[in-house]
Each structure stands twice: as structure tokens, then as C-alpha cells.
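In case you want the letters, here they are:
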Amino acid sequence: MITSTTAGLVLAGILFTMGLVSMLIRRNLIFMLVSVEVMLNAAGLAFIVAASRWGQPEGQVMFMFILAMAAAEVSVGLALILQLYHQLKTLDSDEASKMNG
Amino acid sequence: MNWMYLVPAMPFLGALLLVLFSKKIGKTGVSLIGCGSVGIAALVTIVAGLQFMNSGLQQFSLPLWNWLSVGNFNIGITLHLDALSLAFTFVITFVGFLIHVYSTGYMAEDPDFARFFASMNLFVGAMLMLVLADNLLLLYFGWEGVGLCSYLLIGFWYKDPANGAAARKAFIVTRVGDTAMAIALFLLVQHTGSLQLTDILAKAPTLWTTGDATVVTIAFLLLGGAVGKSAQLPLQTWLPDAMAGPTPVSALIHAATMVTAGVYLIARSHVLFTMAPAAQATVAIVGAVTLILAGCSAFVQTDIKRVLAYSTISQIGYMFLALGVGAWSAAIFHFITHAFFKALLFLGAGAVIVALHHEQDMFKMGGLRKSLPGVFWIFLIGSASLAAIPFVTAGFYSKDQIVWLAGASAQGGAGYWIVAVMGAFITAMYTTRMMLLVFYGKEKTHVHHRPGLNMMVPLYVLAVCSTLAGFMELPHTLGHVTLLSDFLQPVLPAVVTEHASTALEWGSQGVATLLCLAGIYIVWRVLPIPFPREVKTFLKNGWGFDAAYNLLFVQPYVLLARLNRKDVVDRLYVGLAAITRYFHRMMSATQSGILRWYIMGIVMGAVVILSVIIWRQYTV
Amino acid sequence: MILFLFILIPVLGAFAAWLSAAWNKKLPRWIALMVLVFELAMATAFWSEAVGDGSWYVTFIRPWMPRFGISFSLAMDGLSLLMLILTFFLGALSVLVSWNEIKERTGFFFFNLLFVLAGITGVFLTMDLFLFYFFWEVMLIPMYFLIGIWGHGNRLYAALKFFIFTQAGGLLMLLAILGLYFVHAQSTGVFTFNYFDLLNTPMAQETGRWLMLGFLIAFIVKLPAFPFHTWLPDAHTEAPTAGSVVLAGLLLKTGAYGILRFVLPLFPEASQYFAPYIMLLGAIGILYGGKLAYAQTDFKRLVAYTSVSHMGFVLVGAFAFNELAYQGVVMQMITHGISTGALFMIAGSLYDRLHTRELEEMGGLWPALPGMGVVTMVFVMASLGLPGLGNFIAEFLILAGSWQAQPWITVAATIGLVVATVYSLRIMQKVFFGVSVREYKLPDLSLREALMFVPLVIVIIWLGVYPQPVINTAKPATPAVAVHFTSK
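Protein chains in written order, with this note's numbering: chain A, 1 to 101; chain B, 1 to 620; chain C, 1 to 488.
Here are some chain B residues pointing at chain A (derived, C-beta under 7 Å):
1) L595
2) R596
3) I599
What the hints contain is simulated information worked out from the structure, not anything from laboratory work.
Here the structure is a predicted model, which is why all the values come from computation and not from measurement.
Every residue gets a Cβ at the ideal spot worked out from N, C-alpha and C, and that includes glycine.
Bound conformation, chain A alone:
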């Protein structure tokens, strides 16, 4: 018996896993950033679903937070990637692993 809550959470889980897997297998920094966005949105979706299930507003408040944070993160992330690209002429994350300790 599939309820809308279950379906929503499964979708969120699938989205999150896809984001995670693509994060793990991609080397291009842009794609990695996109994967992070996907995962964030998956988490946001989970919040929304949970909020509607319990009829509480906090879930939607959390989604607002996530949206704001994701926006900030993307802008900073893109700026960093741009800088990296200027420095290294590549977007390969392995190439950028120069700071190993």
C-alpha cells in the first residue's frame, strides 16, 4: 500500500542516492556541484513530505533554509571553481588535489 508520504520519501531517497553516486563518480567539479544541489533538493523534498504528513510548518521552514543556503553555496562554489579553473586550466577534481596533508 503506497501512500503519498511513502512515495514522496522514496523519491527523495532515489534523488539523494543519484546525487551521491554522481558525486562519487564525477570528476568534473561543475557536475559535482550540481550533484550536491540534487542531494540538497532531495533533503528538502523529504522535509516537505514530512511536513505535509504531520501537518506542521517547520518542514517548510527548513526547506526555505536549505534553499537559501544552497543559493549561497552555489555562488561561493561557482566562484571557487572559476578561480580553480583560472589557476589549473581544468575542472578535474583529482588534478586539484594538491593540498593533501
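Given chain A, work out where chains B and C should sit, using these hints.
Same frame as chain A, but now just chains B and C:
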């Protein structure tokens, strides 16, 4: 007598001056200071001794300053003069002075002239402290001090590592004995609360009964110190090697004075030994065994100085035997005569050695009777005294007394007597052999240097003493003079004789004399005596003691030290550090800088945590 | 106030020396020498006048952090006074030792040297446990720099090892100090680090034992006792000469001082309980250190191991609980400082001339260096305990005292005298006797070296023939527990 402090002070001062100003004063200055300091000490001794004898005092002590005082434990730097210490002081300063004078000739060509005299003076000073000490700690000061000087002088010609080894051996082996003595001191501190000799001797009978375990232990430990210094069994091995030093050193330290410190110590603490019959019997047995073993070894040596060294060990064995049977003054008597004739023999040997360009092998000598007549006669007198030729030599009277008392005293017995006369026989044999090899037969090495006056005069004086010293103590059968034992009476109790009679005494003297003459005759007629080679080597190497000690103590220690040079304990800490570093490497390897590894780490961590949570959810 | 000055002057001197290096490279050593000679004079003058009827000559207390019961509390008794004089004496000599040896960063060198001495002075004077820990750490760090910057080949390893060992011990001590602090507060309601208040803190038997172990381990690491001795050979060997002198002569003494000052009086019951084991450790240290000393081929390393051996006597004596042994321990602290310090200076002087510390490369130096030979002979003899030199008095008193507590351990310790003979004579043989491998033409003692060695020789002989002033000074400072088994 209040300026008695000059007796030890002068030699110390001399040593100090010689160390500080050796370069400025030249050889004459060195000789003057070196001999002068000991000479003054000898004069002061004689004057103080005369005063002491006239004063009628039994003992006189001169406190100089307080050395240590901790709680109830007080030790002063105090000099103590009584008959026993006077006898020793006299011999040390007098013989010491003669040997110093002799050394100005013997060492004349040595570049380290000043160092030699500085060490010799230091030695005399330390030895005087030893015999004049009022307490055992001060005695111990002198005791170790002479050990140091002996080390310095045996290794005097330091260029040869063998001399250095001999010097270290002497110091270390005697230190083994000293350790035993130190423990005796601790015991005395614990039980009597004092180290003052008169105090201890007075208190001992009230503290312990005869044969009490404590006093026996103390006596045995003191004996341990004594056998180390006096080169008796089982610590005798250092003395033959000590002949590596210059000959005057052998004469002074390893014959006349230092090695008799053990005799002094036992005589000084005689009350303790009387109260510990087991220890005293051990003294006698050690003396008896040493006297025979060393005598046999002396018989097969080829080096003239080693003959004399073994003979010293053997003669000190006589003294120990005398102490062990309670014939205290006989031991001191033999000490005095032995100091004279052994110094004479060593210095005579030194004259021979110098004359033959530092040749010490007797088989390369020979025929020196013609070329060195002066030395020959001197040596003859010394040898006669050593071999105890009847009636005319000092050695005869002193040795005869010991032989007789070994049998006749209360603690003595037939066994000791037999050993003592056998010893006399062996002594006569090796002495004759030495005389024959050195002075008779064909001349094998040419004489190139005759001893000067400064070497000969001390020899003449010693020769006179070696003859006359015997007459201060004559047996009942021959005039019965008891100058020395009467003099020592206040310090050392008279010997208690049992089963004694004039007839027996005559018998003892007769047998000893006959054996002595027989020994001389045998050697005279049948030299060289045929011995199996193995026996000869065995005896020559001192009955294998050296080899045994080497195998048992020296080699394991050196091996152990070598194996553990890097300190196994440190390995432990190094190991700990290595383990830490290994973990550090493991941790730092995870900081690869590859982003996907990090993400993977996060994911795995999340998975693990989630599964734990879920697992707990479902199991509770 | 004078006590505060004892600490303040070296600290000020340290900064002055550092700053003055900017003008002139040679100025710092003069400043350091002046400071230490002045301090020595001050301490000696104080000694000649010190006739307190109680055991404390003078005290100095200012509140520091009263909220936690921490005060800047200094006090001096006979033991501290003797240790101070030793500190300034060896300190002045270690400046002379480094006169020409240190060529780089002289300012910073003398800064560190003076600072470490200030720390040591503080340790000897403090009567507040918190302040004690503070000074304990203060002397650690400059020493680390001394070894790490001006040391020989393997200096970083040695400096680090030294630091980790003493720091680990120090942390245990800090724990124990805090433990004691709280135990005291629990039973009396007063939070204080003051030494006098903490004496006689009532505590459970078990607690006392654990706290005592915390202190003890810190001190025996510093001492160092078997099996915590292994930092010492490395540190001594790699340190510059002045560093070795300060390490052997003074830093090790802080361990011994700590035992006498803190472990015994604060934890009498626990001390007695552990005494046999600690004495056994001491005896093992004597023999083991002696054996390792014999095996070494590096001069400084050999001398370093002799320290292990000699410090074993301190442990044996301190836990024998009688006056003889206690006085022996005090003497041993002083005489060992002098004799071992002197041997390190000799090693330094030889290194100046030969540029090696390997015994195998020396030999036959007597003709070239007779003066130094005599000095070495004196200190080698001191090290093997020859009567007439200070070390003998110390060792005799310790052994005579410990005999009454533990005869068999004393026998083992006494055998240490033979072991000492074996390694000591090896020094003489290897360095001065034998044949010269290369025909050296070397200058004998220079004026500066004579100035260093002559006072040392005089002091060691003085302590050997007339040690009574030292004994009298140390006597009122004897902690009650140290004479528990008064001799019969």
C-alpha cells in the same frame, strides 16, 4: 709529640709541591723535595717515637679536626700513636726514605722524574695516614689512597698498555677486597655507632660473646679487605703483575709497606678476631695455603722481579699465619725484618736490572758475582735473610718465631707447624735458585752501568738492618730477648702458648734449620730441577687463578657489557616511539587530498551510523 | 625579598644578554658571567651569615591567584641554600665553558642558559606546588633549545627525547598535585597549593600511594633512575658542554631535591611502603649504569651513564630513612654535580682540541696535556669514590645509612664501587695513557680552563676532607620522615 701531624703532612705537602712546580725546579729540586719530605717525616717519627717511649704513655692521640659528624656518628681526623703504629710508621718512613734516595739514581734518566716522586710522596703520605689513623674511616682513607698510588706507580710507564692493564688489575682486585671491608665498616657503624678503633675494641667484648655471628661476619669482612691489600689467597693475583712498575716502587709498595697493610689491619683489630675464632682460623689457613702456593710459584719464575713478588706473597702468608695463631707480635716482627730484607732484595734486583739495561729475565743474567761484587754481597745478605740462614740473619729469628708459635701457640697445631717448615724449605730453594741464576755461572749479558753512590748507600744501610733487626727478639733457646714484644705489649696481647717446652723449641729450630740447609744444598747440586713442563707452566702462572678469574668474572662482564652497549631498556622506548610513528603514518595516509575518498568516507560513516541506529531500533 | 631577587636577577640578565647581542657578540657572555658571579657571591654571603634557629632562614610570600589558593611563595632552608650555591657555582662555570665554544646566536644562547638557571633556582626555592610546577616547566623549555640549537650531530632527536620524557613525568606530577589539592580541600575545605598547608594532609592510604607515585615518577625520570634513564645519555651526549654541565650538575638534582622536599614529607606512609622497591631500583641503577658506562666508546656518553649509576645512590639513600643516609644524599647531590660537571668540562676541553669524543681515537695524551691529566685523574678518582674527595663522603654516608635499612640492597650498591672502579679507570687508560695514535702537539690548560678547573678541584677536595659545614647546613632541613629509623 704535638707536631706529629708533620709525619703524614710532609709527604702530602711534598707531593703537592711536586705536582704544582715540577717544571720550574729541575731534577735537583725534585730530588730534594721528594727525599726531603720523607726524610723529615722519618726524623719527626724518630723524635716523636723517642718522646713517646719516654713519656710512658700507652697511646697518644692528636685530634686535628672534625671530619664528619652526623647525629651521634662522629669521625675526626685524628692521629693515633701507639706501639703498633709507631713500629709501622718507623718502617714506612725509614725504608721509604732510603728507597726515595735510591730512586734518585734509579730514575735519573726518566723524563717523568717529578711525576714519579710526586706519586711516591703521595703514597708515603697515604700509608702513614693508614697506620696513624685513629678510626677505621681514616684508615680506609689511607687504605684507598695507597691503592691509588699503587695504581699510579704500577702504570707509571703508561705507554705500554700492558702496564696500564696491570695497574688497573691491581686497583680493581684490591677494590674487591675493599668492598668487603666497607661492608664491615657499615656493620660496625650499625652495631657500635662508631668507627673509632679504641672505642670499638673496648666495646666489642660487651656487645658480643665470642663466636657471635655478627662479630664473626665483621671479622671475615675485614679479612676480605686484608687479603685484597696483602695479596693473599684468593685475591693474590694482582701482585705479580704489579711488577710492571719501576723497581723502587716494587720495593716500597709491593714488598716493604703497602702490602702489609692487611697485616696491620688484622693486628689493629685483633680483639675482633680473637672473638671470632672461625675468622681467625681462616686467617691462619689463608696464610698457610698462600705461603705454600706462592712459594711453589716463586720457584719456577724466570723474571727476577716476579720471583721476589711471589716470595713477598709467601712471606706475607707467614705473617697471616702468625696472626691466625694469635702470635701478634711475631707477625709484626716478621713484618719489620721482611721490610728490610725485601726492600734490600728489590733494590738489589733493581741495581742488577739497571746494570743489564733493563733485563729482567734471570736466564739471561749470570756470573754477575765478578762484575757487580758490591751488589752481589748485598744481594747475598738479603737472600740469606729471606732464606733464614741460622743465627746471623734477621729473617731467621723472625721466621723461626713464627714457625715455633705456629705449632706451640694455643690456636696453633702440628698442621700449621708442618706447613711453616715446608715453607721454610721452599723459601730456601727458590732463593738459592735465584742467587745461582743471577750471580753464578757464565756471564750472559754485559754489564754497562754500575750503580752510583746514591743507589748503593741505601743498600748498605738496608743490609745492616737486615742483619741487625733480628736481634731485637731472640728465642728462649738463644738468649731470650723480647724487646719488640715487650714494646708492643700494651697494644697486642702476648701469645698464649700450649704444649711448649724448651726441648720442643730446640726441635722446631733444628728441623727448620736442617730443612733450610737441605733446600739450599739440593738446589746447589741439582739445578735445574727437572719438572714436567705442564707442571712448570701451571705453577708459573700462579696456579691458574688468573685464568679462572678471567673466565669466571672478567670475560662474562666484558661480553655482557659489549652485548648491551646500546642499552636494551632504550630499545623499549624506541619501540614505543616506532609504534606511535606507525599509527601516525596510517592516519596521515588518509589525508590524500582526493575529494572522492573523503566523500566515500562520509558516506561509509553515515551508513555505519544509520545501520547501528536501525539495528538498535529493531533489536530493542 | 632576597629570594625573589635570586630568581629575578637571572631573568633580567637573560633578557639583557639577548638584547645586548645586537650591539656586540661578546657582550652576552660577560653579562651572564657577571650575573652568576654576583648571584654566587650573594648566596655565599648569605650562607656565611645564615644562622637561623629554625629550619627556615627566610620566606617570601605574595598572593598570586588567591582565588585558587595559589601564592608566589618562596622559602629557603639549608637544603635549598646548598642547592642554590651549587647552581650558581656550576652556572658561572658553564658560562666559562661556553666562552669560545658558542659562536652563533650568542645572545639567545646565554638567554637560554640564564633562563634555565632561573628556572632551577625557582624550583629550589618554591614552596607552592603550583609555582613549583611552573618553574619545573620553565627550566625545561630553554634546555630544549640549548640542546636542539647548539648541540652536536643528533641534537634534535636528543632534545625531543629529553623533552618528551621529562614532560610525560611532569604531567603525572601535575595530576598528582591537582589530586593532592582536591584531597586536601575535601578533608579540610581549604583550597590551597601551599606546601606547608599540604603537609600532613589526611588521606586514605591508597590515595596517598597513588599520589606519591605521581610525584615519584616525575622525579625519578628526572633523576634519572632505572628504567627511565634512557633519555639521559642522548641528551648529555648531544648537548653543548654547558648544557651537559647544567643537565648533569643541576637538572638531575632537581629530581633528587623533589624527592627530599616533596615525596618524603608529603607522603610519609606511602614512601615507607614503597621504600624497598625504590631502593632496589636504585641499586639496579647503580650496577646497570656502571656496566653500560664501561661499554661506551664515546667519552660524554660514558660520563652520562656514570650519572645514572651515581644517581642510584641518591635513591638508595633517600629511602633508607635515617640521618646518615639523608646527609649522604645531600652530599651526593653536591659532589656529583661537581665531579660529573667537571668530567663534562674535560670532555668539552678535549673536544675543543681533538674534535672527537671517541675514546678509541684518543690515548697517550699525558705528555701533551699533563695539567689536564692531573685534573682528570682527580675527578676520575672522585667518581670512583676515593676517600679524601667529596664523593666518598657521600657514598659512605649513604651506604652506612642504607645498610641499617636494607643490608642486601646495600651490598649490591657497594659492589657498585667495584663497577665504578672498572669504568673510571677505563677513562684514564683510554684518554691519557697508552700510546698516542697521532703525535699531538696540543696546548695544555689555558688560563680560562685553569680558572674553571682549579676551583672545582679545590671544592671537591674541601668536601672530602672537611664536609662538616655542608652537613651542618643541611641538618636543620632534614625532614622528620627522613630520620624515621634513627640509628640505634
